[in-house]
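One line per chain: the protein sequences are E and H, in this order. When the letters of the first sequence are read in order and numbered with my numbering, they come out as residues 16 to 843. When the letters of the second sequence are read in order and numbered with my numbering, they come out as residues 19 to 461.
Simulated from the structure, these hints should not be mistaken for lab results. Even for Gly, the Cβ is constructed at its ideal location relative to N, Cα and C. Incorrect hints may appear among the rest.
[As the list claims (entries may be wrong)] A few chain E residues facing chain H, derived, Cβ under 8 Å:
1) Asp314
2) Gln358
3) Phe361
4) Ala362
5) Asn366
6) Tyr368
7) Thr369
8) Gly378
9) Val381
10) Ser382
11) Arg498
12) Lys499
13) Arg553
Given next are the chains, with one letter for each unit.
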Amino acid sequence: MPVLGQVDTALYAPVDTSRAGNARMPMYAIDAQELDASLGAQDISGVLQSSRDIFTSTAGFNFGNARFRIRGYDGENTLVTLNGVMINDMESGFAPWTLWGGLNDVTRWMRVHNGVAASRQTFGSVGGHTEIGLRPSELRKGLRPSLAFSDRSYRNRLMVTYNTGMRANGWAVSVSGSRRWAKEGYVEGTSYDAWAYFLGVEKKLNDRHSLGFVYFGAPIIQGRQGIAVQEAYDLTGNNYYNPNWGYQDGEKRNARMSHDHKPVFLFTHYWDLGERGKVTTSALYTFGRDGLTNLNWFDAKDPRPDYYRYLPSYFEQTDGDYASQLASLWGSDDDTRQINWDQLYFANGKNLYTVEDAEGIAGNNVSGARSKYIVEEQRTDPTRWGLNTVWDRAWKEGMHVTAGASWNNQVTHNYKLVKDLLGGDFWVDLNQFAELDQDDPNAAQNDIENPNHVVREGDRFGYNYDLHVSSINAFGQLEKQWRKLEAYVGLNVAHTSFFREGNVANGRFPTTSKGKGDTNSFFHYGTKAGAVYKMSGRHYVSVNAAHMTRPPAPRSAYLSARNQDGVIDGLTNEKVTSADINYQLRAPRIKGRLTGYYTKFSDQVWSRSFFHEEFLTIVNYTMTGVDQTHMGVEFGAEANLTATWTLTAVYAKGQYTYSSRPSATVTRDNSSEVLASDRTVYWKNYRVGGMPQTAASIGLKYNSPKFWFAGVNGNFFDDIYLDPNPGRRTVEATEIFVDEDPQVDALLEQEKLESAFVLDIFAGKSWMFKRKYRVAVNANVNNLFNVTDFVTGGFEQLRFDRQDVDRFPSKYGYMYGRTFFLMATFSF
Amino acid sequence: MNNLFSLRNLSIALGAVTLFASCDKEFDAPPIASIPDSAVITIPELRQMFGDSGQLPVRFTQPLSVYGIITADEENGNLYKNVYMQDGGQAINLRLRNSGGLYQGDRVRVYLPGCTLNQYNGVLQIDSVDVDNNVVKQSTLNVVEPLVMTIAELNASHLNGYGLDTLQSMLVRIPNVEFVLDEACYGQPYADAVGQQSLDRNLSDCNGSIIVRSSGYANFASLPVATGNGTFTGILGQYQGNNQLIIRDLGELDMNGTRCDPCPLPFQPCAAAATVQEDFATVVSNSNINLACWFSGSLSTDNRVWRGGAFQTELFAQGSAYTSSAPSTVSWLVSPNVQATGSNTLQFMSQRAFGDAGHEPFSLFICTNFDGTNLATANWVPVTSTFASDGTADFVWVNSGVVQLSGYLPVGYTGGFVVGFRYTGSGPNNQDTNFRIDDVQIN
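Full structure from sequences and hints, please.
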């Protein structure tokens, strides 16, 4: 049996559990830390810093480190708009916060609608709506340089912003730029180099019309952190052990570098119709690169240091001496526990090879050092157009109407290229798994029109396709005010379609890999309604409810988009039903909110790829009919104890569960063979993993009249679970056991992680000079007591051995220990 | 214009930011270590060394290298984590720490420190070879000429003074051999691909025999062994002193000639079955029929054979001369070999489509001496039955009813027989009715 190589699954939004930190999805990157500091962190659902709601802002500031998500919602449930144009990625549904990372000065005035709510911008989504308005005339006039130091993802930040404000000649200009960088961040081997630029111009044509143009971008190159099994953390004595890096010629090099840069162009027309309301129309264009590098290898051993066969536990039963020898190497030897780059160069450089009939030309033999190991870059480069117009006006008798329409189109070019041959001369574009599987010589070719394709640095290989997504929608909203009651209703209708267009034909699916695939079309809609009853000027009760349908995210809809056109059988709209009830108090010295909510998601799809122990091959594991129920309470209150002392208390208790028995289908990645279908997955009432379902915070702040403040926050997190691996919860997994067998419990149990308490402190002071210049210094220390054993998430590996679940143990990620952030801001 | 001044500066700064940001840091290649030059030892000397050590494992610590050409690799899955290397008139097995990286035809230097010279079930091997660290490739695509020998010569002793076999692991070629009748004539596979178990097959020259052992992981494991007589090429492997040949490349086997021990007739590549049931559910529409144990052939210049046909979800076999430019089309579909019982019966469905008046394309036969290839020389006995004929409406299935076959076989016949379905037609003469059969049952 030839060597098993690597799986090319990184383009699935979710995690391929056979690889650590395959974080195309934000869930497992622990750089959620810096809130003010990094809107650009990949995993914050909304950075709710500017919300005036005490619950929402505390959840954003203090719970983000623990991957808390409001009401347990994924990023796809929060709609983000730029001047009204939806910016959520159309392939995955997620909001791309990195697009404007480092532009805090111009994006900080976002408006956050939490949950289902009335909005005069868009219909919104179940998790709410974040409006980012980029309008130079609304940005505070003046020059604002700032300087920050930290020891989190980055060490230094430099930011300069200059806004002219609306000038007498009708022009307003805004420019901003920043750099955030770290040679090495909190986690060993991670690096950070992020720049950002922003140019905004607004021209007031007359009293009625203004035109705005905004151009910005945020190139970021980042060395990623991977997460590992507990054994690796224990052996290295470091809960922030990062398997992604190794020494190359004495210098640290990370194999997982992300490199994103997607400039955005945004034109906006502001049209004031006077008493007939106002119309805002925007056109958005963005394009660019989104790349993530990774090791790949062929006919060689797995170069990842934490591959399970390189860990002492793999040898414990068979060769105890070697296991303990290995354990001591793991304790100190970077050539063992990290990637050994020099060794990869060494192996590549002398692997003389002759490719016969290269490029399919008989007799065309290419000789040279064939790389066994390379660094490849997986690219998902989007090109995006968006158009949005929205009109609203106050009508008679306390009525307010809003209507809008939008069109969005995204083409994402998915492909790989050779980033670094690591000392070799070329790579041959073959699929190692197909070679293993079949006797069809064509099957191994990734490009049958170009067989035995010799690729070099910069060349595309592996797979290459475009995913086209297009969507139109129209919405309307009616609000009405009475003396004690306010109410709204809204309706949204939309049509979304997507298709795959393959650019190469591969040998596994010669007829379905190239060309335009079938178009998948979905009509979907949303309805919402809500009301606020003002019991008095201090007490409010409100309710909101919504029902909406939405198409599956194209990224999860395909069985194996890298290989072929096929989508999951029975694709259908997902349904979301949600309701909440709120009590709000606005007393002079105490403000607060108490909310109860219930949301049900039905008919979701789920798809992952991984090496399957039962079928001994790379499989695509898909499920349809996945339901989730999210319910819970939110409480937040702020009390002004005295003129200088403020006390805050926040509490969130949720119960987020899977609430159906989905049906699973397992297909072989390299052929159309269906290995299993209609498998029932018994995961009703399993908890949705990866976030604290319970969180609480209590804070005390002193506000001196002499322009300084200081405070402390204690945060508590509980009910964190690992997301269940569906394969383990099937009859097929348990059928060989009887109920007393310990394996049954081991397979079925869901791991609950430990609760934790962390303390944060913060302080700040500002000075005014000549009544004109202001200097402000802010500092905070997170996790003051340096709690380093708080697991905030992880995942069960999808690959499992039913006799011995511990053979492929779960991987975990820890919250950072004590870190600081120090910032000085100057305003002129 | 203080404001404008700062604006200009900022624009410049921003431009610089954009420019710098698009730079992508590339890593240099590090200085590459090399495997030291060292004294050279030959494969015969290694065998000598192992004998000198009293056949105890030798762990290499001194800088020593051995050169050779890889004669068999892991590509087809028949070998796993080991390859064979040959030079200087002898050969040796290399056992690898990790699979992959060495290919047939590579001339390599194996730097021995870290490796061990030992035996594995009697085969001398260099153990624990780390391809990344112990091997330097010198050149590729080298050809080693196999040693041409007979089975008797292979089975003779070739021990050296220490009792070590000097022919072991060599690339050998054996002319005029065939897999034994029980394997070759009844479609036995090279190995158990389903259970992923290795299997022994027997190669014979009608005087003596030798084992061919293949892995269940080999990509040819499920294929039936070569049926004819000819030249075998492979590695002379051994297991505890017994020879077992290893196929390194199935394409090298040239075994299509006339057997010295002929297969019994009728020959089909499967042993005689008690019954046959075929609903053609696995055929591919418009592709030539290719079913296990069935034979499909043509006696016309257009080489037309029966193809898979489909109507909505229904699949069947179809003969047709449609669009053929040959003056006549003769296509045969021959059933698997069936064991005669004295009371055999046949039943099948038939249908015409796009029927041409006066065209009777179908005939039914039985045969006891079909040799599996040559339709013309077999003795086909016509069988009478009911089937769709000129006048039957198109697209209507006709049931043959139960056809008694025993009357068409010799009295007391206990061998096997096959049933032949023949299509005849002519495209140029517009005699190109489509004729379909389905649900064939022979009991």
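Against the structure, the hints:
no. : hint   : result
1   : Asp314 : 3 Å, holds
2   : Gln358 : 7 Å, holds
3   : Phe361 : 5 Å, holds
4   : Ala362 : 4 Å, holds
5   : Asn366 : 6 Å, holds
6   : Tyr368 : 6 Å, holds
7   : Thr369 : 4 Å, holds
8   : Gly378 : 12 Å, violated
9   : Val381 : 11 Å, violated
10  : Ser382 : 6 Å, holds
11  : Arg498 : 49 Å, violated
12  : Lys499 : 50 Å, violated
13  : Arg553 : 46 Å, violated
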